[in-house]
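Kindly produce the complete structure, drawing on both the sequences and the hints.
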Amino acid sequence: MGEDTDTRKINHSFLRDHSYVTEADIISTVEFNHTGELLATGDKGGRVVIFQREPESKNAPHIQGEYDVYSTFQSHEPEFDYLKSLEIEEKINKIKWLPQQNAAHSLLSTNDKTIKLWKITERDKRPEGYNLKDEEGKLKDLSTVTSLQVPVLKPMDLMVEVSPRRIFANGHTYHINSISVNSDCETYMSADDLRINLWHLAITDRSFTDIVDIKPANMEDLTEVITASEFHPHHCNLFVYSSSKGSLRLCDMRAAALCDKHSKLFEEPEDPSNRSFFSEIISSVSDVKFSHSGRYMLTRDYLTVKVWDLNMEARPIETYQVHDYLRSKLCSLYESDCIFDKFECSWNGSDSVIMTGAYNNFFRMFDRNTKRDVTLEASRESSKPRAVLKPRRVCVGGKRRRDDISVDSLDFTKKILHTAWHPAENIIAIAATNNLYIFQDKVNSDMH
Amino acid sequence: MLSKGLKRKREEEEEEEALAVDTWWLDPGHPAVAQAAPAVASSSLFDLSVLKLHHSLRQSEPDLRHLVLVVNTLRRIQESMTPPTTLPPVPNPPAAPSVADNLLASSDVALSASVASLLEDLSHIEGLNQVPQPLADEGPPGRPVGGAPASLGALDLLGPATGCLLDDGLEGLFEDIDTSMYDSELWVPPSEGLKPGPENGPGKEETPELDEAELDYLMDVLVGTQALERPPGPGR
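Here the protein sequences line up with chains A and B, keeping their order. Taking the working numbering, I'd label the letters of the first sequence as residues 1 to 448. Taking the working numbering, I'd label the letters of the second sequence as residues 1001 to 1236.
Quick caveat, the hints were computed from the structure, so don't treat them as lab data. Ideal Cβ positions, reconstructed from N, Cα and C, are used throughout, including at glycine. Some clues are possibly wrong.
As the list claims (entries may be wrong) - Calculated Cβ distances over 12 Å to all of chain B for the following chain A residues:
#, residue
1, ASP124
2, LYS245
3, ALA255
4, SER286
5, SER409
Claimed, not checked - A few chain A residues facing chain B, derived, Cβ under 7 Å:
#, residue
6, LEU86
7, SER244
8, PHE277
9, ILE282
10, VAL394
11, CYS395
If you want it as structure tokens, here you go:
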């Protein structure tokens, strides 16, 4: 697919607004909340860092709503399962925000086995003037109390408090790969390799029955695993899950308690001209996302992103090549295990642009309307602060322009697996190993 | 514990080095390869896939997706390496043993050598593994993979899957292969069944031996029942 190097032709020009560097650990998930005011990241060390967008200030208009650290907390710790002699990693696999229902914010975070519900509250006032306690909280000597006073609330420095409200444990035998909050705001689902559980947010000691179970009677018959899942954004009875064979199943919970048989199957027939030993591996879906409208689904497999119409199961309506130049390198990518990398994908707020990561700290955007695409790079070396990001190009031989990168010099250790798009504006969050980049579109913040 | 021909290391890079000879790999779909010797190219790919499978199984909790994809790829490679089979049908043949049958029928020397080396390694397995043995939770005990254990009269001596070591007296019968592996079930995480396994320290260090579940699967994929009846080849 051709690329535009002239930034004017691209719908939006991103400038690098702010980047927060976390040296500590590799970022493993990135998620905006429903308003985009908050951005949560999870890392390999079990930490969650929440960023908050500063309100735009008239005094400093160039600071255009930058994201600053709002709260940091340790969500998961490494655990050792003595019964199975297994260490359970504390790495945060996914974070999902709950829709905000009161002054507090809530999010779900999960590692391989345990999901936790965290409540984030702000405290900016505190009571002063107790009768029985002094300022440090020590009990006063009653003989010194000569008059009664009414405690008053005085302002204090903002304190953000995070507390675990629920811990959903022991629901999964296999590794959790995804969680998704239902539009009913009461339930959520969690998926591992073979099963999907439905939980009620208020009840932790058990989940509802498995709503999906693809474990075969004999494990040696296992040929397919669940790779991702998501609830429909509007219909609380619908959800989709993807498989390692590249298929999607849209399930309706009203049809049956166990949603194995009552589902729509979305699958594209294999292209015979592209068939290889690795066909199955590269067809494995690593991420699935409903569009904001709920009409489409976006899937990411190793080499492409695909848009599916919920009403058409036979094939995707759009396919975009992310890095087709890797098709001839599949053997060495198999050797290095890179072929198993799981990239995520995102929609912009208006469902007109899709984004996904690639190697060499590149990420790609595809405009569904104009069919134009662009490759950008998330790295401190390649772009100065507040400069417009320069489109990059990978050359596969033939004419090579000055700043092109050749396929053979791509750095496969620099992978952008996790990306997120603000729900309404052109602000994107890119996780490049242990660095988080936040890019904002200064020029055009309207929806297309 | 390391076999003669194969390097078995934790690092993928080191595994790559072991196969560095085959750096001319081409995508099997590439037209140039289609006319060339696909069987030889696939043999290197087969070796690599076996190594990956082995590596995956060595994890205390294998990544199921990785495992499934590697196994399926291995099956594809197998199918392409042999012509439509003319072997006698194996009773209750699920994919794994028939794949192994095809493998054995192949006259590919490199392949046989790899298999032989792997078998030799398996024969050095001693002692209990780290993974507790799940009791059969699928019904009657016996081999998790269909095949003909009955043809190996010795297996009956082991009785139902108990996860216990072979008695010393039986070892002589199985000097090549530790068949107590047949009683363990692949991929079933320990939580799926009962766990009479022994206490062992939370040692995270990788043991040099394969555990029983890995052996079971490797055995089934590579050896099958026919292999056990084969006379020992050279170098064993």
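Here is what the structure says about each hint:
no.: 1; hint: ASP124; in the structure: holds, 45 Å
no.: 2; hint: LYS245; in the structure: violated, 8 Å
no.: 3; hint: ALA255; in the structure: holds, 27 Å
no.: 4; hint: SER286; in the structure: violated, 9 Å
no.: 5; hint: SER409; in the structure: holds, 18 Å
no.: 6; hint: LEU86; in the structure: holds, 5 Å
no.: 7; hint: SER244; in the structure: holds, 5 Å
no.: 8; hint: PHE277; in the structure: holds, 5 Å
no.: 9; hint: ILE282; in the structure: violated, 10 Å
no.: 10; hint: VAL394; in the structure: violated, 18 Å
no.: 11; hint: CYS395; in the structure: violated, 20 Å
Checked against the numbered hints listed earlier, the structure breaks hints 2, 4, 9, 10 and 11; every other hint is satisfied.
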